[in-house]
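Asker: Chain B: place on chain A using the hints.
2 protein chains.
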Amino acid sequence: MNRLALLVLAAASAPLLSAPAAAQFTKPDDAVAYRQGAMSIQDAHFRRMAAMANGRVPYDQATAVANAEVVDFIVKLPWAAFGPGMVGGDAKPEIWKEQPKFKELSDKLETQAGQLLVAAKSGDVGQLKTALGDMDETCKSCHDSFRKK
Amino acid sequence: MNRLALLVLAAASAPLLSAPAAAQFTKPDDAVAYRQGAMSIQDAHFRRMAAMANGRVPYDQATAVANAEVVDFIVKLPWAAFGPGMVGGDAKPEIWKEQPKFKELSDKLETQAGQLLVAAKSGDVGQLKTALGDMDETCKSCHDSFRKK
Numbered sequence: 769m770n771r772l773a774l775l776v777l778a779a780a781s782a783p784l785l786s787a788p789a790a791a792q793f794t795k796p797d798d799a800v801a802y803r804q805g806a807m808s809i810q811d812a813h814f815r816r817m818a819a820m821a822n823g824r825v826p827y828d829q830a831t832a833v834a835n836a837e838v839v840d841f842i843v844k845l846p847w848a849a850f851g852p853g854m855v856g857g858d859a860k861p862e863i864w865k866e867q868p869k870f871k872e873l874s875d876k877l878e879t880q881a882g883q884l885l886v887a888a889k890s891g892d893v894g895q896l897k898t899a900l901g902d903m904d905e906t907c908k909s910c911h912d913s914f915r916k917k
Numbered sequence: 769m770n771r772l773a774l775l776v777l778a779a780a781s782a783p784l785l786s787a788p789a790a791a792q793f794t795k796p797d798d799a800v801a802y803r804q805g806a807m808s809i810q811d812a813h814f815r816r817m818a819a820m821a822n823g824r825v826p827y828d829q830a831t832a833v834a835n836a837e838v839v840d841f842i843v844k845l846p847w848a849a850f851g852p853g854m855v856g857g858d859a860k861p862e863i864w865k866e867q868p869k870f871k872e873l874s875d876k877l878e879t880q881a882g883q884l885l886v887a888a889k890s891g892d893v894g895q896l897k898t899a900l901g902d903m904d905e906t907c908k909s910c911h912d913s914f915r916k917k
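As they're listed, the protein sequences go chains A and B. Using the working numbering, the first residue of the first sequence is number 769, and each one after it goes up by one. Using the working numbering, the first residue of the second sequence is number 769, and each one after it goes up by one.
Okay, chain A solo, but in the shape it has when bound (with noise of 0.2 Å):
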C-alpha cells in the first residue's frame, strides 16, 4: 500500500477512535475480544426485548426499557475496536477497505438504538416491535458485508 493510500484509510478510520471512551488495543486479539464481547452482550438483551415484541414472554415496559438502555449503551462501543490492523475473528478484510460504508452502517445502528429505547419508554408493544424490526435489518445489512459466514 502506497503512502497516499495509508493516509487516505487513517483518514477515514479517524472518526472510529475519536470517541474518548474508545478503548485502545495494542493486540488484534484483545480487539476481537472486546468486540465480539460488545456483540454478544447486545445480542443477549436484544432478544430478550424479541421475545416479549413476538409474545413469547409476557410483555413488560420496564424490562423493556432497562434492556434497551443496555442496548443503546453498548452500541456505541464495539467500532473503535475495528482499528487500523485489528483484523481477526469474523471481521471481513472489507471492514478496513469500504470504511465510509462501514461506519455509516454502525451510525445508523446506533441512532435506531437510541430510537429502540424512545420506543421501549412509549410502553407501545407495536413501536417496539418495528424498533427491534429497523435495528435488526441494520444488523443483517451490516454482517452480510462485513462477517464471514
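Read the hints as simulated data drawn from the structure, not as lab findings. Only a predicted model underlies this, so the values are computations on that prediction, with no experimental measurement involved.
Pairs count within a copy or across copies, as identical chains cannot be separated in the list.
DSSO-like mimics (lysine-lysine), calculated; alpha carbons at most 30 Å apart, straight line:
{"#": "1", "residue 1": "K795", "residue 2": "K897"}
{"#": "2", "residue 1": "K917", "residue 2": "K871"}
{"#": "3", "residue 1": "K916", "residue 2": "K865"}
Answerer: Showing chain B alone in chain A's frame:
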C-alpha cells in the same frame, strides 16, 4: 442434590437474577460468551485508565471519566450470566457452591466502580490510581477464588 439444597441454592442465586435488565440465557455457551465479553470490555477500559494513572500515557480527565463511565455501566452486567447451570469457560464450580461470597465480591466491585467514577471526575490522578488499585484487588480476590488458572 436434594430438594432443600436446590431451594437454598435458588434463593441464594435469586438476587443475581432480579435486576430487570438481566439478560437470560437458555444455553450455558451464551452465558459464557456474555460474561467473558463483559469482562473483556471492563478490562480494556480499566487498562486505559491504569496507563494514565501510571504515567504511561498522558493523563486526561475527560478520557478518564469516559472510561470510568463504561466500567461503571458494564460492571453490573456479568453476574446475571452466572445463573444456575450456566457453567463453562473459566468459571470454577465454587461460584455456584459459594453464592454469598461471590455476591459479596461482585457487590463490592460495583460499589468500587462507582467510587472509580467519582475519582475520575475529581480530576485528581492520585485518587484515580487509588480507586483503580482498590478495584484491582477485588478483581484478583474474586479471580483467585472463582476463576480457573
